[in-house]
Amino acid sequence: MSFFGLDRVRKKESELERRLRANDREYNLSFKYATNAIKTSKYNLFTFLPLNLFEQFQRIANAYFLFLLVLQVIPQISSLSWFTTVVPLVLVLSITAAKDATDDINRHRSDNQVNNRKAQVLIDRKLRSEKWMDIQVGDIIKLENNQFVTADLLLLSSSEPLNLVYIETAELDGETNLKVRQALPVTGDLGDDIEKLADFNGEVRCEPPNNRLDLFTGTLSYAGQKYSLDNEKILLRGCTLRNTEWCFGLVLFGGPETKLMQNCGKSTFKRTSIDRLMNVLVLCIFGFLVVMCSILAMGNWFWEVNKGSHFTVFLPRQDSNNAVFSAFLTFWSYVIILNTVVPISLYVSVEIIRLGNSFYIDWDRKMYYARSDTPAEARTTTLNEELGQIKYVFSDKTGTLTQNIMTFNKCSINGKSYGDVYDYTGQRLEVTEHTETVDFSFNPLADPRFIFHDHSLVEEVKLGTPEVHAFFRLLALCHTVMAEEKKEGELFYLAQSPDEGALVTAARNFGFVFSSRTPDSVSIVEMGQQCSYELLAILDFNNVRKRMSVIVRSPEGKLSLYCKGADTIIYERLHPSCSKLMDVTTEHLNEFAGEGLRTLALAYKDLDEEYFNQWKQRHHEASTALDERESKLDQLYEEIEKDLLLLGATAIEDKLQDGVPQTIEQLSKADIKIWVLTGDKQETAENIGYSCNLLREEMTEIFIVSGNSPEDVREELRNARTSMKPDGADSVFLSERSLVKGMRVIKDEVVNGEYGLVISGHSLAYALERGMEEEFLRTACMCKAVICCRVTPLQKAQVVELVKKYKQVVTLAIGDGANDVSMIKAAHIGVGISGQEGMQAVLSSDYSFGQFRFLQRLLLVHGRWSYLRMCKFLRYFFYKNFTFTFVHFWYAFFCGFSAQTVYDEWFITLYNLVYTALPVLGMSLFDQDVNDVWSFQHPQLYVPGQLNLYFSKRSFFKCALHSCYSSLVLFFVPYAAMQDTVRDDGKDVADYQSFAFLTQTSLLFAVSIQLGLEMSYWTAVNTFFVLGSLAMYFAVTFTMYSNGMFLMLPSAFPFIGTGRNSLSQPNVWLTILLTSTLCVLPVVTYRFLLIQLYPTINDKVMFKVRQAKATPPPPPRRVRMRRTSSRRSGYAFSHAHGYGDLVTSGRFLRRTAASRPSGFAHAARTTGFSPMGRSAGYSPTGRAQNAKVSNVEGTSLQMYRTIRDPAL
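Yeah, the sequence shown ends on 1208 if you go by our numbering, and it's all consecutive.
It is possible that part of the hints are untrue.
Cβ-Cβ distance ranges computed for the label pairs, FRET-style [claimed, not checked]:
no., residue 1, residue 2, range
1, K805, S898, 49 to 59 Å
2, K805, E701, 19 to 29 Å
3, P50, A976, 47 to 57 Å
4, A223, P161, 18 to 28 Å
5, Q113, G1012, 47 to 57 Å
6, L1013, G659, 16 to 26 Å
7, K131, D362, 31 to 41 Å
Simulated from the structure, these hints should not be mistaken for laboratory data. Quantities reported herein were computed from a predicted structural model and do not represent experimental measurements. Beta carbons are placed, not taken as given, at the ideal position from N, Cα and C, and that holds for glycine.
The task is simple: from the sequences and hints, build the whole structure.
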């Protein structure tokens, strides 16, 4: 929407339906659809200067300095040279412009790289290589394997059977598993015949551009027929073509109108909360400056009326100027003199500090991820201190919290648990990288990447235990995985979901190798023998069933149904004879789930041939019914999926990234709320929530919001809120208005207990509507953790925007895929993880690194230090400049309001530039209250930043009062000390130059001592900067006040000998000492009392550090958390509805993998093997867990004889 200007926006808003015709550019151009070019840059050659200057002058201080520059070119009121303002202003503007230009040039390069990619386009009956940006709506293009999809396309034909294509959608939804798309049969017949494709003149009418990734509606009119189009026939830009030699597609949407770009949030100019506060404070300072100048102008008018007339005899007024005009000129003169309340050096210093703190992030070796050679990178230098104020973290799941790698971890078979490792005493050992792994060398078809540690299970397989063989036979048959043999002997599985692939790979390694499939058969290698099972039906997964089943006929002709699914669903359908086995398996399931594993129950059933034939006939009738097809099929599935016999359960680990639970625990202790926004299924997201300590069993309650209508969602949200706070009031808004937009702000509500909230994508769509968004946010903010499932990229951004809108907090979004870009752009801080899903998130982020665990160091160390340093810098900078400036104000009452400066002009020029610049920069770059180890030990140190305790309006006004007191001391103590004072030789020392020198020296000592009080961490560099700046002051002063400089330029260096004469007098040194002491004494007293009576968390920790003599305590030992937990099945929800139909229809299939001779070694009984652990019946509690469960009826398990299929 924001890519091509207002005309594009108006056109898009008016577009209600898209119409286009294949191979007819003239017709399609009449609608003025967007081309396929994208534009993410902000400027071009002509707009850069005006737009960039406009953005920079939005900073009030820059506009103020421009105004001062105009004043200084007026000679009647200027008491300082014009270049004292123009040089630093131009320098600041130039540095900022250069940085912005560099960023935008990089965006231009990225755009050009994408826009200049080549694609094969059918033009004038020939395939021509064209740039992406030249592709038009209605063009037919050819894609080849592993190419990016150029635009949003209607799939016409492909090289695969039944016109299927396989795509990877990681850039869109973060999922790395393959998806299947299929062309219409009528267009599939076009094949790759260029003549037929060139003659194709189908007309498409479809929805206008939108951001719905999961929905498409339209029709294709061709050869007098109309065909329905849905999402299964569309290839979206951002996808990658996989395992498909070629395909042809018709361009429906291009460039900014593609769904990928519609989901990319627009780039915004990010400012920190301190920047916004500074704008408000600068306005207050300007107002105060006007008041001060008005008072002094009135004083000038009063003085001119009462005293000035006495001097007109020897100082005649020019041009008959009266007192009023003199006061007017004096007002503007004092505006120039007192402008140091906001010196431009403030903004230069701020940029230097931010740049330095950014380098600390770049250089931090503890945030370097060696495995992928990825260092941390601060991609922006303007947001560092905001990292110390984060209240809400919005995180993606797949690839951000997890590695997106599923591993077969444990299983339970016929009442025995496998997967744990025990030592010779029977004590369970923790599995590490050094734990011995199972040797699968007996199986030449095993996947070498598969790792398992319990040797007893492979021994059971070799011994031919019937239940174990049946268990893995089920895993090898009941799935929708495809097998592909890219090289001879190398078998690859293309799984629709990672956990499907993990289960089939486990069966493969334990001797039951799925090798190929056809629409009506599944071929597997059972312990070295190749077998073919007739596939009679797939009872497909859906969100309600939470299970899938297959009905197969064995090589011996026996009919069987194999089922796997959520354990609670399977248990409801078991035969009563399985009750005791179910109890034992339940114990194992609880233990698996307690470790955060994704559990799944397996069962089977033998079928009667006559019954199955009747059922199959009814199934055919139901599948072809026009009315209530789904409910009829569900009834048939329920009928046949009963009286199942339990085989066992699996436990899959969706591997978390290293340190994720500890990081989330640390961030929670720092009072940071974490919301997970994921495109994954609800059950998958819940399991990860438990694994990473986001959700915990000890929580009071976890609410599930999954309503399918606005009324249901509203009711569920209200019920959840009532449960958390029964007496909660309806009004939840703060009385005050937000500073920025006048929006109402939802306050935090205190609840008893800890709660979690899980909301699905379709429910979230209703919750984000205008009438319900406040209801949703209020409920969510009462919870400790929030998980939003099945959300689109735009919904992620909308959730972030909602929190920003109604909460005065700083937000951070972290993700690793293109589906996270809009969320990253919407948040105050965007963090990208360099993961397996491309670099889109990193390119759009403000900070990037390789692992989620580095987030705690970014926030608790770098962020907190940056915020602390910036706040100290601002407090001290305002103090030293207000003190410097207010002395001018007091002096005006003693110089006839003549706009005479109290200091030497060279001191005014060098005060911020030389004398006080390096000490304050040293503090702002090196200071820290405690080191990084103590920061991790006490994450509560982070909380003051969230509450803006270090720098706010209140602390600013306290700083102003402190400066007012110091300026009074600095003016009146030297004034009183020098009045009526004579030198040792009897000469008068009370001249203007001596007073100016004494005042400025006292000022410099006072602010230097104040800096020392502010500093918590002294380094050699800091010490050198403070002492060096004082030495520099005396060196420069004695040089400028020397006879030689006066003789060279008398008008520029009038203070000849002042320093030498003044400092030779003891009373001058005593006055400096007295003045500095009086300035500092109240501060020391106030801080002493504050620490004693009302110590902050910082004071307590710093005292602890001093007690420990700066030696950090040993880090606490982390004990692996084991929970007794309710079972949670992760399998069902990581599968997609409708996949089974593709398998049985044959539309799913690739070429059959080439047959190979089986290469299994003979599975003979091994000697000398002694099973250990649970398989040996040992229990640490003394209970024989793995002994055969007593009183459990034997299952009527059908034993298959592995026969060699002559057809194979």
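Right, here's what the structure says about each hint:
1. K805 - S898: 49 to 59 Å: With a Cβ separation near 53 Å, K805 and S898 satisfy 49 to 59 Å, so the hint holds.
2. K805 - E701: 19 to 29 Å: Since K805 and E701 have Cβ atoms about 27 Å apart, the given range 19 to 29 Å holds.
3. P50 - A976: 47 to 57 Å: holds (55 Å)
4. A223 - P161: 18 to 28 Å: With Cβ atoms ~24 Å apart, the hint holds.
5. Q113 - G1012: 47 to 57 Å: Given a distance of about 52 Å, which is inside 47 to 57 Å, the answer is holds.
6. L1013 - G659: 16 to 26 Å: Violated, at about 38 Å.
7. K131 - D362: 31 to 41 Å: Holds: the Cβ-Cβ distance is about 36 Å, inside 31 to 41 Å.
Hint compliance for this structure: hint 6 alone is broken.
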